[in-house]
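Listed in order, the protein sequences are those of chains Y and R. Numbering of the first sequence is given in the UniProt record's numbering, commencing with residue 1 and proceeding in unit increments. Numbering of the second sequence is given in the UniProt record's numbering, commencing with residue 1 and proceeding in unit increments.
Because the hints were derived from the structure by calculation, they are not lab data. Don't be surprised by glycine CBs; every beta carbon is placed ideally from N, CA and C. There's no promise every hint is true.
Pair ranges (Cβ atoms, derived) [what the hints assert, rightly or not]: (1) R:M18 - Y:R79: 22 to 28 Å; (2) Y:A101 - R:G84: 41 to 47 Å; (3) Y:P363 - R:T3: 50 to 56 Å; (4) Y:P363 - R:T57: 30 to 36 Å; (5) R:T57 - Y:L275: 24 to 30 Å; (6) Y:V271 - R:K83: 15 to 21 Å; (7) Y:H50 - R:G15: 19 to 25 Å; (8) R:E82 - Y:P326: 24 to 30 Å; (9) R:V29 - Y:V23: 17 to 23 Å; (10) R:T48 - Y:P363: 38 to 44 Å; (11) Y:A97 - R:A67: 38 to 44 Å.
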Amino acid sequence: MNAVVLIDTLLLLLVTATAVAIVEVRSLYASSILTGIYSLLMALVWVNMHSMDVSFTEAAVGGGISTILLIGTLVHVGREEKPIKKRLHVPALVFTALTGAALIYGTLDMPRFGDPAAPIHHYRVPEMMAQTVGFVNGTPGKQKPPEGFDLERYRRFDGRVTGPIPADPTDTAWREKSILQTEGLIVPQVRAAHEPHAEPGHHLHPPDDFNGHVPNSVTSLLAAYRGYDTMFETTVIFTAGVSLILLLRRPRREGYLQPGAVMSDQVILRVVTKLSIPFILIFGFYVITHGELGPGGGFQGGVVLATAFILYALIFGRAALYRVVPPPVSDMLTGLGVLIYSGTGAVCMLLGGKFLDYSMLNPELPGDGESLGMTLVEYGVGITVSMVMLTIFNQLAEERST
Amino acid sequence: MSTVYLITAVVLIVGAFMLLYRALAGPTVYDTILATNAIGTKTIVFVTLLGYISGRTEFIDMAIIYALITFITTIAILKYIEKGRLD
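Sequences and hints are given; from them, build the entire structure.
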């Protein structure tokens with residue numbers, strides 16, 4: 001058995017066991033903790049598939065913030081589940097079984113795990129991974145392919161498909177050979193893709209400049225190829241934050257500045273927190289800034305930034321947090337993030353391109369312009385996400401049914 | 001993947017199964033918390049191991065975020081148990 005598949009099977013068994021445990025446990029905080037563990041394990045499954053960005057998000061949002069917010073909810077609803085009479089509800093059972101069967105039937109048509117002949121490796125995606133979408137069609141504002149540029153080879157290289165693609169993708173001999181290469185976990189082409197010198201340079205860039213495009217294809221897809229979607233995702237988060245403020249925040253005269261429960265009598269916690277918060281903040285900014293090079297980006301980095309503030313509030317109380325980030329400031333920053341994102345798009349338009357056409361930011365070196373635009377946009381996302389997470393935490397902690 | 005690393009990974013997962021049992025059966029709250037914390041530590045080692053096997057340095061970032069998250073959630077849970085509130 002393939003090692004990747006073996007580890008995957010074991011991990012998924014563990015995930016299933018955790019899910020059953022979450023349902024079975026009566027104590028609500030035990031099930032909250034187990035939900036965090038479920039997310040961490042699910043993130044491990046993504047890590048095993050080498051989808052680092054998904055894994056990063058799952059760990060930061062699912063394992064970190066969600067668990068803290070669930071515990072915040074427990075403050076309002078109490079620790080124990082209400083006892084209910086357990087009896088078999090036949091229609092529900094039949095419905096669930098049917099849904100499960102339909103889902104399993106749906107997976108029968110999916111390609112094998114790690115199948116290099118899967119459509120995702122051939123249709124459209126290699127083009128997007130090589131960031132040659134605008135490049136191929138010669139869209140105004142994008143560069144033309146240079147003389148003697150082997151586009152086929154370039155695409156195949158970045159699309160991580162091993163060997164020449166046969167005319168007939170169902171050619172089994174080729175498929176088996178490629179799967180064997182994948183089983184070694186390191187596809188030679190994947191390794192080569194991390195060594196920029198291995199590829200001839202872009203016509204406008206020195207060879208060590210990641211060939212003039214953003215190395216992490218996930219970020220380039222999120223921020224450039226589907227930049228509109230990401231902008232509106234950020235807007236959704238912004239709307240959630242604003243709605244929460246409107247629904248839950250008490251008027252100031254009722255005193256939201258009452259001190260919270262302080263844990264500063266715990267010397268070890270206090271010292272460790274003070275020591276680690278700067279590093280958490282640096283890590284958060286690193287994740288945001290580094291999003292175009294490695295895994296991570298605005299969403300994940302924003303969550304990491306928010307956890308630093310939440311840690312501060314946990315140890316030193318909410319009043320101390322409000323002295324650092326007063327609610328008016330966090331509200332303003334929430335909007336500022338969305339403004340930065342859409343403002344970057346508007347600047348691209350003013351410079352003569354389309355909305356969010358980052359290459360306009362540096363017409364001489366379009367690749368650098370794209371990097372700059374994506375970094376700006378990621379910072380916008382990061383600011384909004386961190387401040388909305390902080391607001392959710394504050395409102396949950398503030399509104400207590402005493 | 002060489003056999004040694006594969007065995008290490010499998011042992012880590014089996015250890016996580018045993019800890020999950022402790023988290024469920026644990027007579028006190030603190031058993032549950034300690035067990036989930038240990039699962040978190042195992043995941044950190046597991047991610048680093050996978051990163052070493054596949055030769056990609058980005059996995060270290062993942063390990064850091066796992067460490068950060070297990071630390072903060074544990075503090076949140078303990079504060080809830082001690083004070084009954086989070087703020």
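Review point. Does the hinted range 41 to 47 Å hold for A101 of chain Y and G84 of chain R at CB?
Key: holds, 45 Å
Review point. Between T48 of chain R and P363 of chain Y, does the beta-carbon spacing fit 38 to 44 Å?
Key: holds, 43 Å
Review point. Should the hint that H50 of chain Y and G15 of chain R are 19 to 25 Å apart at their CB atoms be regarded as holding?
Key: holds, 23 Å
Point to revise | 38 to 44 Å as the expected CB spacing between A67 of chain R and A97 of chain Y, which holds or is violated | key: holds, 41 Å
Review point. Holds or violated: 15 to 21 Å for the Cβ distance of V271 of chain Y and K83 of chain R?
Key: The hinted range 15 to 21 Å holds for V271 of chain Y and K83 of chain R, with Cβ atoms some 20 Å apart.
Review point. Quick one: are V29 of chain R and V23 of chain Y within 17 to 23 Å, going by C-beta?
Key: Between V29 of chain R and V23 of chain Y, where Cβ atoms are some 19 Å apart, the hint holds.
Point to revise | Hint check for L275 of chain Y and T57 of chain R - Cβ pair distance inside 24 to 30 Å | key: holds, 25 Å
Review point. Taking 30 to 36 Å as the hint, is the beta-carbon distance of P363 of chain Y and T57 of chain R inside that range?
Key: Taking Cβ atoms as reference, P363 of chain Y and T57 of chain R lie about 33 Å apart, which means the hint holds.
Point to revise | Beta-carbon spacing of E82 of chain R to P326 of chain Y - inside the hinted bounds 24 to 30 Å or not | key: Holds - the Cβ-Cβ distance for E82 of chain R and P326 of chain Y, about 27 Å, lies within 24 to 30 Å.
Review point. At the C-beta level, are M18 of chain R and R79 of chain Y separated by a distance inside 22 to 28 Å?
Key: Holds: the Cβ-Cβ distance is about 26 Å, inside 22 to 28 Å.
Check your understanding: Is the gap between the beta carbons of P363 of chain Y and T3 of chain R within 50 to 56 Å?
Key -> At 54 Å between Cβs, range holds.
Consistency note: the structure conflicts with none of the earlier hints.
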